[in-house]
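Residues per chain, in single letters:
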Amino acid sequence: MSDWDPVTLEVFRNLFYSAAEEMGVTLCRTSFSPNIKERRDYSCAVFDGDGHLVAQGEHMPVHLGSMPLSVEAAIEHVPMEPGDMVVLNDPFRGGTHLPDITLVQPVHLEGEAAPIFYVANRAHHADVGGVTPGSMPLSNSIYQEGIRIPPVKLVRRGEVVRDVMELILTNVRTPIEREGDLTAQIASNRTGERRLVAIAEKYGPDTVRAYMHHLQDYAERMTREAIKSAPDGTYRFEDCMDDDGQGNGPLPIVVTITIAGDSARIDFTGTAEQAQGSVNAIYAITLSAVMYCFRVIVPFPVPSNYGTVRPLEVIAPEGTMVNARPPAAVAGGNVETSQRIVDVVLGALAQAIPGQIPAASSGTMNNLTLGGTDPRTGDDFAYYETVAGGMGARPTSPGLDATHTHMTNSLNTPIEALEHTYPFRVRRYAIRSGSGGSGRFRGGDGVCRDIEVLCPCQITILSDRRVHAPYGLDGGEPGKPGRNVLVSLDGDERELPSKASVSVDAGTTISVRTPGGGGYGRPGGREG
Amino acid sequence: MSPKSRPVIGVDTGGTFTDFVLMEEGRLEVHKEASTPDNPAKAVLAGLRHLLGDASADVVHGSTVATNALLERRGARTALVTTAGFEDVLQIGRQTRPAIYDLDVQKAVPLVPAGLRLGVRERIGPDGEVLAPLTQEDLRALVERLRGLEVESVAICLLHAYANPEHERIVLQALDGEIDAFLTSSHKVLPEFREYERCSTTVVNAYLGPVMSRYLSLLAEELEADRVRIMQSNGGIIPVEAAQQRAVQTILSGPAGGAVGGFEIGRRADFRNVITFDMGGTSTDVCLCPGALTRTTEAIIGEAPIRLPVIDIHTVGAGGGSIAYRDPGGSLRVGPRSAGAEPGPICYARGGTELTVTDANLYLGRLSPEHFLGGHQRLPVEPVREAMKAFAAEMRISPSEAAEGILRVANATMERAIRVISLERGYDPRDFTLVCFGGAGAMHAADLARSLSIPRVLVPQAAGILSALGMLLADFVRDYSQTLLLPCAGLDAADLEGAFAELEHRARGEYEMEGFAADQLVMERSLDMRYVGQGYELTVPMVADFETAFHDRHHQRYGYSDPQRATEVVNVRLKAVGRTEKPSISKQQLGSEDASAAVMSECTMVFDGVERTASLVNRSMLRPGNAFAGPALVVEYSTTTVVPPASRCVVDEWENLILELVTGRQ
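If you read the sequences in order, they're chains A and B.
In terms of our numbering, the first sequence opens at residue 1 and continues consecutively.
In terms of our numbering, the second sequence opens at residue 1001 and continues consecutively.
If you are wondering where the hints come from, they were derived from the structure by calculation, not from laboratory data.
Just so you know, not all the hints are guaranteed correct.
Stated by the list, open to error - Pairwise CB distance ranges (calculated): (1) A/GLY378 x B/ALA1141: 53 to 61 Å; (2) B/PRO1098 x A/THR234: 31 to 39 Å; (3) A/GLY83 x B/PRO1290: 52 to 60 Å; (4) A/THR269 x B/PRO1098: 53 to 61 Å; (5) B/THR1296 x A/GLU76: 54 to 62 Å; (6) B/GLY1426 x A/GLY83: 51 to 59 Å; (7) B/ASN1618 x A/PRO82: 25 to 33 Å; (8) A/GLY355 x B/LEU1131: 48 to 56 Å; (9) B/GLU1342 x A/THR234: 47 to 55 Å; (10) B/SER1596 x A/ALA113: 55 to 63 Å; (11) A/GLY491 x B/ARG1073: 25 to 33 Å; (12) B/VAL1130 x A/GLN246: 41 to 49 Å; (13) B/GLU1660 x A/THR170: 56 to 64 Å.
What the hints assert, rightly or not - To give a feel for the contact side, a few chain B residues facing chain A, derived at Cβ under 8 Å: (14) GLN1106; (15) ALA1108; (16) TYR1325; (17) ASP1327; (18) GLU1424; (19) TYR1427; (20) GLN1556.
Glycine included, C-beta positions come from ideal geometry on N, C-alpha and C.
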């Protein structure tokens, strides 16, 4: 505590954070996947020479805990030299789900053998192969989900390894777009490298190393302060996923949180065994969700780094939905199950620190994938988007309408951009009024998004909260569950389940109606 | 049009003061009038009367009326007409929350509430094709509904109207004369794709139009209407009538005046690459000018995206009034909370109890207690000393370390702002001069320049009223654009000629109506381009080989380019400049280096923990050619300049202070 000063700490927090942010600007502005450029489904981060997280841009919360495990896996499996970059997406070796491709690079100072930093970025690619376009399938093993890339070098001493690049590009539906995105990812890491080397040269490597550790200690202190404010005790909460898309469900997610002083144990014992369908979360996802929950209860902006996780002990029994083993299907664990993990952890924390935690938000990212052959060009396409829902009401204010919550904050694709690029016609994009749960404060309303396909298409919807509603708190009503409706050219409506993959004719409309957030407080004294 | 014999006056309405700069035959007169926020015109008219009496002048006005109406949500009751099924696009926005880790996050209330958003059945496709026509019956029904809503203003934004404005025109015609309201349609305000951003920009114009019209009519009644010009966010001026139609273009009028002023002053002093740095009480504006004023179409103001070209000003929440505190993790933080003008910093002795950046400057001797605001208000040092001692004790450091720490943390925030606009965009700060203004700018500029390896700082002669001065140095500027979304394969300059010619035709027509001659107009063509499949564009000048220009720009901005990859033209842009005669600022003869006549006394300042004896210099006594070495403190009415050790200050022919810094290798 004596060897750092509060001013330099703040200066370094700024420096590392802006390096991570700048990596994000390069990635977002030069990439090709709508998922990256329009929806901003990516993360960029700076690590110390041991691979411990120092700073992460304010990008995707779901990548909070999982980026460090990517760097760890890269270090463990591949000896890296200056100018090398390791690529990976294998969920069981540092990845999350297959569309998320991560690039890890060591940053060396001249004349030093060991790296002083690592930089890494992860981006959700529009397609990585597998049984359905967009690679977010209703699968029952990882082998159906696309190309699986263990940690291997994509860049060796500054040069792209063409063999590896070709191997990846050969296994995906839209190789030109993929190569563009990987190039953007390489440029992003190099941006980080340039900036960090300049920082190390300016302040000296010893000071920089020391302050990376001080920043981690600092985040740890902040998190411990927040935990200390909760009374010691054990708090249990249970919720469930509707199903796994293979006819199995409901699937319970259970958490027991034990607060003892300034540390917490988060135990998921009691959660369902790993499912046959693609709703399994690997450990990194579960860790991210837990980190997110403890991050939001700290009343000050804390840097997201290795220190945040130190006061937390996460117990996720292997072979369950919150710590799946290979060859489990995992496409939806990242996007769906992660939201439910947040719901149960916050549900338990609401007992520990009542009056600070909101009711459940929509609890699903409503992943919609549309794939086919564009009649205008003859080219195959795979389009993926997520649709926002209602935010849960807060103890002192209503939930926001039509907003992404918790583990995601990705943007929508502009309708005019969508219709220009793909053979779709958007028929409606509206707030689903009345879907938020009532209460003293009302839950936010979900969204209705209706897209007509103008050519035969494979439509895959990976969603949840179609059966089991987002909970209200303190007497507030639950939000309305969502619906997935297929409308044929002649107006016939067909209800689809939470998770479905169907081949449809031109002229069919998929109408995604997302869940509202839960209400807060008894509806009587209604204020929101 | 020519202002040859007439005096010209720049008027900048600020939160506390309304600034006036009168230029007449090379002579410059400055005046300040207390602002009258309830009716800003009052201060404007009072100041004009003071300077002019009964004489007449050309007035260029930077107004905050539109800005404040937007930020405080005091605009007109506005309705929005959209394609049926898309009434909520304005509210959904990009479906994101503004802060990820804040459970209490709130979004700005939409400018048009749900009950005033009306859908009309029609549809146009991405290529401009009519998929569903408008019917007379629906139009009649729309008029009826609007009549019942008693709105002052109506915005019209239909899907793909940039590709085919026919339906918006039909709606506009149907409402014109039938509804007593201000009418705005998206194809006129911003004929570009991306429905939310276009809608937001159009709605802001509708929301502010009636407010701005009222204000300007009021001014015009008092003055002759043809004498008043309005400063726009794009760095140019327009006549009153145009500003009434395009209120959205005036939102950043004050800051734009500052950037224009900073750039023009730099240019006259032969520094073409400048970064303007305007540090006020609660925030700091920075703007990069690599030989020209840079502009962006990605501004977001009051949470509303505004896609029109505006001077690319980056704002951060750190200023003289920013409050210093220690967070539970032990880190020293500064801002974004500000003590503002009330209660203000501790040293203002108006009840402030929390240490601010200004207090830290005072503690370190970088602000002279005797010379604040020309010596009208003596700043008490003792309460600041006590507060700093207590604050430092908490952190177990010395009070001067704490005070220097506050400055370092505040500077880090500002340094990050300059990094964003320079390094992140592929520009090296070492090639730039920092032009600083605003009350606090010149106290921080040298430190900031040094940490970014900027070799030189320019403190303008009129640093306190630079925005008002900038307004006098601005040309008329009108921007036009059109979305094309054309692949570049097989495309050459001749294919784009038609689109540009159409924009130019409109521009010339509008300027002719205002009496401009053809030789006063300069047309600057540019293209928004990207690689096919990217989501962001880069703007490049229209040249014969525009593809190569794009690859080069991409490489400069992002560190790589791929000449094999297909590119496309997203928008064509035209910046139509109407040149006006500028008032000339007279250059003076350089005299002797000896500055001793301006040195009032010695003072003590702290740098890197060491107390140093410094010269206290009276700026009004400095003459062109004077030069002196740091450490020194230069005081004047509205600002204070810190000249640190290992630097040298010279006064140039325009009476600017030029600080040459010795910077380390980087």
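Margin query: Hints numbered earlier in the text: which of these fail when held up against the supplied structure?
Written below: Violated hints (numbers, rising): 1, 3, 4, 5, 6, 7, 11, 15, 16, 19 and 20; every other hint is consistent with the structure.
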